[in-house]
Amino acid sequence: MSAALRYSLQQPGTPGFVLEVPQGGVTRAHLPDPQSKARFIAAVAKARCGEGEALELLGEQVDAIGSAARARLLRRVGVLSPSVALITNLNAWENISLPAAYHGSPAPERVAEITQEVLPALVDEPLALLARLPEQLNTLQRRVVAFVRLLVVGPELAVIDGVDEGLSRGECACVARFETEYRARHPSGTLLYVDTKEEHP
Amino acid sequence: MLRALREIEGGLKLSLNVVGRMGRLRRAPIRESFLRQVYFTGVTAATGVVLRASVLGVLIIAITMDVLDADTDLAVKILLLLVFREIGPLAAAVVVILRTGTAISAEVAMMRISGQTRALRHLGINLYDYIVVPRVAGVMLATVVLTFYVQFLAVLGGLLFSPLIIDATFMELAGRFSTLFAPVDFFYSTIKALLFGFAIAACCCYHGLNPPNLTQNAVPQVVTRAVTQSAMLTLGINAVFAYIVFGILFFGLVTAKA
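Sequence order for the protein chains is F and A.
In this note's numbering, each number is its position in the first sequence, counted from 1, plus 130.
In this note's numbering, each number is its position in the second sequence, counted from 1, plus 266.
Because the hints were derived from the structure by calculation, they are not lab data.
Any given hint might turn out to be false.
To be verified - Here are the in silico distance ranges between beta carbons for each label pair:
| id | chain 1 | residue 1 | chain 2 | residue 2 | range |
| --- | --- | --- | --- | --- | --- |
| 1 | A | A440 | F | S235 | 56 to 66 Å |
| 2 | A | Q482 | F | A133 | 38 to 48 Å |
| 3 | F | S197 | A | L426 | 28 to 38 Å |
| 4 | F | V156 | A | A369 | 41 to 51 Å |
| 5 | F | G182 | A | G276 | 20 to 30 Å |
| 6 | F | Q191 | A | L501 | 49 to 59 Å |
| 7 | F | A194 | A | G276 | 21 to 31 Å |
| 8 | F | C302 | A | R292 | 40 to 50 Å |
| 9 | F | E150 | A | Q482 | 32 to 42 Å |
| 10 | F | S235 | A | A369 | 27 to 37 Å |
| 11 | A | I510 | F | Q191 | 46 to 56 Å |
| 12 | A | K279 | F | R178 | 14 to 24 Å |
| 13 | A | L422 | F | N268 | 51 to 61 Å |
Unchecked claim - Keeping only pairs whose Cα atoms sit at most 25 Å apart, straight-line, the calculated SDA-like set for lysine to any residue is:
| id | chain 1 | residue 1 | chain 2 | residue 2 |
| --- | --- | --- | --- | --- |
| 14 | F | K176 | F | Q191 |
| 15 | A | K279 | F | G155 |
| 16 | F | K176 | A | L393 |
| 17 | F | K176 | F | L220 |
| 18 | F | K327 | F | A314 |
| 19 | A | K279 | F | Q191 |
| 20 | F | K176 | A | K279 |
| 21 | F | K176 | A | R272 |
Note that the structure is a prediction, hence the values are computed from the model and not measured.
For glycine and all other residues, C-beta sits at the position ideal for the given N, C-alpha and C.
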């Protein structure tokens with residue numbers, strides 16, 4: 131099985147690590163510390179390497195590609211992270227449909243279909259939630275909206291960072307269903323959960 | 267000095283990007299953002315603030331005419347030269363800087379600090395397309411509309427109230443105004459308003475996207491810089507534009523009646 135992602139961080143003074151994520155599977159990676167995790171997420175989200183880093187994304191060495199190829203590659207990768215916010219002046223529905231409206235795909239009907247299928251499985255009162263602004267949503271609802279937005283984009287590689295960070299036990303059970311929802315829509319996609327060793331010894 | 271050069275370079279880069287990406291306004295979310303900006307800058311500002319700005323125009327003409335002991339001809343020239351050409355676009359620009367410039371710079375800085383710009387990048391959405399282009403285009407259009415509004419109210423106010431100060435009727439003043447008014451006055455103020463809107467919005471977006479640090483403390487600094495530089499840019503453009511159009515370069519070619 132080929133790798134969807136290969137990443138290595140080797141820098142003096144930081145705990146180096148190597149991460150290889152097989153294509154088409156679900157991988158849970160516990161990175162050495164929050165700094166390493168932040169660097170990893172930044173590298174994947176920008177498809178760009180910093181000092182001491184090496185990254186191969188979906189078969190492409192990110193250092194060897196130009197800006198146009200990088201933009202194309204980034205369309206195939208999705209990152210869901212607590213630091214990635216919703217747009218505050220758009221309601222939940224507008225946030226979900228924003229990437230599709232900007233890129234022109236998928237069609238609005240498909241976005242509505244995905245939303246109607248996924249939201250009721252994850253939150254109560256999905257219709258009321260769609261009309262709310264991000265500031266009116268709790269942590270779980272914001273994360274669910276960001277996840278549905280990720281599903282709409284439909285990346286081949288989805289990286290989910292700190293999925294249960296700041297959530298209660300009951301809410302963690304809800305976000306545990308993300309994997310099922312992603313698999314149902316992208317059977318051949320790769321899902322990578324990232325966390326740190328300190329937070330989950 | 268280095269920071270100033272960097273800001274000029276960044277501002278030029280942003281401006282060129284905006285000009286090159288104006289076609290993206292056809293995309294639905296960008297068009298919606300553009301319309302929101304037009305509504306916020308043009309429509310909501312038109313109610314109270316612009317009325318006050320137009321009163322300023324009336325006051326200027328009333329005081330000037332009283333001090334200069336003006337006749338009909340001078341009163342209309344003051345209306346045309348001062349209020350229509352200069353005060354109108356400048357008053358609109360001041361309103362736009364105070365209302366919209368502050369809001370844009372603070373909003374964009376908050377988007378940058380809270381990770382919303384990062385989210386947009388992750389979704390493959392270009393920041394110039396989604397944040398800068400609709401704001402710049404919206405502010406340009408709204409500044410032109412506000413300028414017309416201020417000019418209309420100020421000129422109307424001047425024509426209505428001047429007879430109380432000088433010995434002339436409203437009809438005499440209006441007739442003289444229509445004789446002296448030339449299309450170049452209209453184009454002059456329209457192009458100037460477009461340039462003001464562009465400079466204000468581009469400057470505020472630039473500072474919003476480049477806060478000195480990524481903490482909330484950076485927001486007031488961003489707003490202060492954006493407003494100060496927008497005002498300086500507006501005054502600079504006004505001076506340069508007046509010199510180019512009515513100065514030595516086109517003197518004689520552009521036959522603005524004065």
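| query | Range hint 49 to 59 Å: satisfied by the CB atoms of F:Q191 and A:L501? | reply | Given range 49 to 59 Å: holds, Cβ gap about 51 Å.
| task | Look at the Cβ atoms of A:A440 and F:S235 and judge whether their distance stays inside 56 to 66 Å. | result | holds, 57 Å
| query | Between A:K279 and F:Q191, does the CA-CA distance stay at or below 25 Å? | reply | violated, 29 Å
| Is it true that F:S197 and A:L426 lie within 28 to 38 Å of each other by Cβ? | violated, 59 Å
| message | Hinted pair, alpha-carbon criterion (25 Å max): F:K176, F:Q191. Please report holds or violated. | response | Holds - the C-alpha atoms of F:Q191 and F:K176 are around 13 Å apart, at most 25 Å.
| message | Given the hinted pair A:K279 and F:G155, is their Cα-Cα distance within 25 Å? | response | violated, 43 Å
| Is the distance from the Cβ of F:V156 to the Cβ of A:A369 consistent with 41 to 51 Å? | holds, 44 Å
| request: Given the range 38 to 48 Å, decide if the beta-carbon distance of A:Q482 to F:A133 lies inside it. | output: holds, 40 Å
| request: Verify the proposed pairing of F:K176 with F:L220, using a straight-line Cα cut of 25 Å. | output: holds, 24 Å
| Per the hint of 32 to 42 Å, is the separation of the Cβ atoms of F:E150 and A:Q482 within bounds? | holds, 39 Å
| Holds or violated: F:K176 to A:L393, with C-alpha atoms at most 25 Å apart | Answer holds: F:K176 to A:L393 is near 14 Å, not above 25 Å.
| When you check the alpha-carbon spacing of F:K327 and F:A314, does it fall within 25 Å? | violated, 29 Å
Going down the numbered hints, you'll see the structure goes against 3, 15, 18, 19, while the others check out.
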